[in-house]
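If you read the protein sequences in the order shown, they are chains A and B.
Using the numbering used here, read the first sequence as starting at 1 and increasing by one per residue.
Using the numbering used here, read the second sequence as starting at 1 and increasing by one per residue.
These are computed hints drawn from the structure, not numbers from a lab.
Derived lysine-lysine pairs resembling DSBU-like cross-links, with alpha carbons at most 35 Å apart:
#1 A/Lys181 <-> B/Lys37
#2 B/Lys248 <-> A/Lys333
#3 B/Lys61 <-> A/Lys136
#4 A/Lys333 <-> A/Lys181
#5 B/Lys245 <-> A/Lys161
#6 B/Lys35 <-> A/Lys156
#7 A/Lys136 <-> B/Lys161
#8 B/Lys248 <-> A/Lys53
#9 A/Lys156 <-> B/Lys232
#10 A/Lys324 <-> B/Lys37
#11 A/Lys324 <-> A/Lys181
#12 B/Lys161 <-> A/Lys91
#13 A/Lys53 <-> A/Lys181
#14 B/Lys248 <-> A/Lys156
#15 A/Lys324 <-> B/Lys248
#16 B/Lys232 <-> A/Lys136
#17 B/Lys61 <-> B/Lys217
#18 B/Lys56 <-> B/Lys197
#19 A/Lys53 <-> B/Lys245
#20 B/Lys232 <-> A/Lys181
#21 B/Lys37 <-> A/Lys156
Short derived list, chain A residues pointing at chain B, Cβ under 10 Å:
#22 Arg94
#23 Thr123
#24 Ala157
#25 Val172
#26 Arg183
#27 Trp188
#28 Phe272
#29 Arg281
What follows is a list of derived Cβ distance ranges for each label pair:
#30 A/Lys363 <-> B/Leu57: 46 to 52 Å
#31 A/Phe162 <-> B/Lys37: 36 to 42 Å
#32 A/Asp247 <-> B/Lys217: 57 to 63 Å
We treat Cβ as the ideally placed atom computed from N, Cα and C, and that holds for glycine.
Now for the letters of each chain:
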Amino acid sequence: MSPEEKPNTSAEPMPEIITPSNREVCIVAEQVEGEIQTVTLELLGAGRDLANKLGGKLSCFVLGHEIGELPAKLIAYGADEVYVADHPDLKYYRTLLFKRVICDWFHAYDLPPHIVLLGSTTTGRDLAPRVAANLKTGLTADCTELDIGPYEHTSKADPAKFGLYPGCLYAVRPSFGESLKARILGPWNNPQMATARPGVMIPLEPDYNRTGIVTQVPMNFQTEDYRSEILDIVRELNNTVKLTEADVIVAGGFGLGTPDGFALLESLAGCFENSAIGASRKVVDAGWIPYQHQVGQTGKTVRPKVYIACGIAGAIQHRVGMSKSNLIIAINKDPDAPIFTFAHHGIVGDVYQVVPELIKQLKAQAASAPKATASTSA
Amino acid sequence: MMTSLIRQIYVLMKQVPDQSAKAGINPDGTIDRAKAKRMMNPFDRYALQAALHTKKLYGGKVTAISMGPPLAEEILLEALAHGVDNCVLLSDRRLAASDTWATSYALWKTIEHLGPFDLIFCGLQTTDGDTAQVGPEIAERLNLPQVSYCEDFRVEGTAEKPNLNARRVIEGGYQWVRMALPGLVTVANSYHPLEYKSLRGAQMVLSLQRNPEEKSKYIRILNLDDVQAEPKETGLVGSPTIVAKTFKIAEIGGSCVMHQGSSVEDLVGDVLNNTNLLEFTHA
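Looking at chain B on its own, in the form it has when it is part of the complex (with noise of 0.2 Å):
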């Protein structure tokens, strides 16, 4: 009887404010994340395209896992709608203001809370904080073997030994690396983008969220003490590092030379006139 390769795939996923929506951004440049509009990390959408694929392929159940507010259900939700399997959500207060080490200890207890996996996705990094550490880091915890900047994979061998031929970017190219699982993968946004969701997925999610005891069967939302994290590791008391200060960056403007002219012709002339830019033409 033939087993599948694959069995468990967790898929860890962050909401991020949408920088390119005027809401929420104010005019000195900052967010105001109470108004600011919400959506999914865009890399992590890679992530859970990778999950996807890896399910369908070569089988096993996709987790989605999130850590956040209440509101980030929105984006488990999505997840939904795209073909998870089910969702968590680590919400707890203790978790404000945690670093990249904090939330990756929270997000480890979590992952050991819910047992056993074959392969962990993350997006390579979030838009917000933007520091690609997070995957890393629970890597290390978990003793895993990664494979970060992945942007193709297969798996291979058998259910007892399997493991992931990935494609990963390097600088001026890429490698094809081998990694045995159960591993842990960062995902490049030169991977494939998602596909768009299931009529079915989209309908599903839509009947959820007019019936939360159903919606609670799908997404499991879980605190601190559940998952049996220790307070005093997380949130602000257990980040060791802290932003000390922010500061404008010193404007430089002033000196841009505007050509304006009647005519695009005139335009670029002037420009041809005033830079050396003939000089990097053919010769």
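Next comes chain A alone, as it looks inside the complex (with noise of 0.2 Å):
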């Protein structure tokens, strides 16, 4: 292979794919207002990846109102064709407006794309299964690692599916539960769909001498698209939420007994400049904290500097949305809690105790030490 070569093209030739396709990898995009979602240039890179295995093109949907200049940064992310719907109608989000555009367009192909891809977020949730059940496919959630490769199905239990099929989509998700991840694949229809969890994939650097085709999708919206209508829109300047953005995180899990705890969680956070609540799943199940403090599997990815979990016992769910935290500082009655495995340190100890301690100590030397030689590495 000679240097001029692409450098992502893989070596090996991708055998002939067994069920009907055009190879192509697509994304659906996430835009709120005008801002590309991270989500969605992670999405860019990870598919970039599946294109280049597959040997087929990555393209991107981006539907919205006066989109301007974002195929070209789809493009610079990836993209080699941009499907662009742009219409007052799809300004903002809308279940049937939105899955109309994306199943018209897909319908009309001869051969259906391979893979289509959205996000997890509160749209591609609501979204990507409604585009799936109407193009009669099957759909992983939330996966936190996307890649291509053969399966053999030989079960007897449903010789329907019996055969040997390259280039599937391998959506990998942790298995509820259990500590265990799971390996879904689809390969008797295509596209093959899943969503992927937002801070898990990594986007490209972004190249904007990159070349792409704008393509214009036709929009054929029915009056039964209009069955529902955004009234008012309120994003919140609340920081304690802010969770994918602070610096420091103090979270909170069913060891700390009562919904009550949180206040003493609340006083550790403001001890520090840039600040948020978390909260492990069971928590927020049992009605403690809002959904929005919710880091795992089915609350947020979170990568901040510090994550200091009070009363979390690590379930691997938890693991997956924290894990990668620069510091990660664990307070827990219970020395054989899974994360003293993946915390930086460990305190073995009461919450009750340990916090208040830590707030005073906070405090103390804050006030007594200046700032630029507080600091000792981690």
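Two chains, two separate frames, one set of hints: put the complex together.
Okay, here's the thing in structure tokens:
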């Protein structure tokens, strides 16, 4: 292979794909008021890799109104072709209108795309199942890894699926309640669809010299698509819920024993310049704190500089959402809690004794020491 | 004469393993479903509350629908105790190993069999499958508008043209959506928690448990043939996705510095001395 050749092309030629498709990988972009969401850029990075392995093109669907330079950005981040649906009625995400445009477009294909991916956000998780059900295909939710590989079906339980399938979408997600990951696939229908968690895949470095095609997509809205309308949108400026942007996250779990424990965590968070309160799923399910605070598989994926886990056992579902934090400090009464297997610093003790002491010392040291010299490295 | 805004409400629910109980959790973290404690999917409790709240304010009857083995009747009895009017359990061995597509097919056929409705409530997702897909997939098959992640709502309009004003969670905030009914709603766990069951409801369920004939009036058990569902569209054979492989998540343990000290003061001091935590305090 000469150095001039595309560096990303896989060395092995891709074997013929059994199920009919055009080998295309399509990302459905998410934009909010003209801003491409990070999860879309992450998916373009992952999708570029999948498309190269398949030997197909990477396309990206963007819907909105007056979207301007967004297609150029999507191309810079890896798309070969951008499908644009620009219309006043698409200004804000609405399930039925978005689904109409996307499904009409794919239904017009002779051969369906091989893969369609969305972000697992409140939009993606609303839209993806509608699109999948409409296209009569499978969908894997909240993936943390995506890859291409072969699959041989030998199970006698459903012989209709027999065969060796190269080029399957490997959609990997933590299997709930079990410390396992599951590889889920469905090569029998195309497109093979998945949603991917924000914060997991890695975007490419943008290259504004990349070239790509921009295609305007036809829009044929029906009266029934207007059965819902957006009356109001409120974005809260409450920093305590801005989990993904906080430097320090103080998170609480069932080990707090009572919802009132979060008041203590609030005081600890208050010691830091840019902090937020996180929570395990169990306490959110128990109604101790709103869903917006949930970290983990079905909550948010966070990568703060410091994550202080208070009374959190550290189940795998929680771990996948925070294990990439720069510094993890765990406080838990149970010395065998799984959190101590992946935290950086562990304190076995009672949250109600350790946290007040931590607040006290933080305040004392912050008051006495000039900030620049107070730091020692982790 | 005043007509109620709502006539029929369906609420979908699933029985899931109780992952907080120790029973049935193997040492390696996998679940032994035969031994595990069972419970109503926690998210469905919010959907149930939404259905009962709607009935109380806007009228109509509430039917709880579940799909699962005969034991799943337990959660329907619980729903009866909370005040639903009747229940349907779709139970058929041929449904085993259904993925979300196959599940939504079977529930769609069940709903079509049961007849017209104004509102379907589902939990946002289940705690075992955890996909949040079945609700929207049913909405697609029924060609309904939907509101997912709903955390508050009211019914407005007229009996001929009712609509739902719903507050739905979005990243960093919320939005208000108006949806023409009939429609499907998935309820987020920021909605009101399920209220306690009434004494009367609990007593009724106790008496039903002693009287199978009476119970069958409240819980109809249907199979695929009853709802005219094609067996090849559901269960393992009807599922377009399979779990091809499971693997252990790599252990990344061993690097945690455990702080042990005689006093909490020393412990905390030790952590502060060995981390950069102070860099993030207020200037």
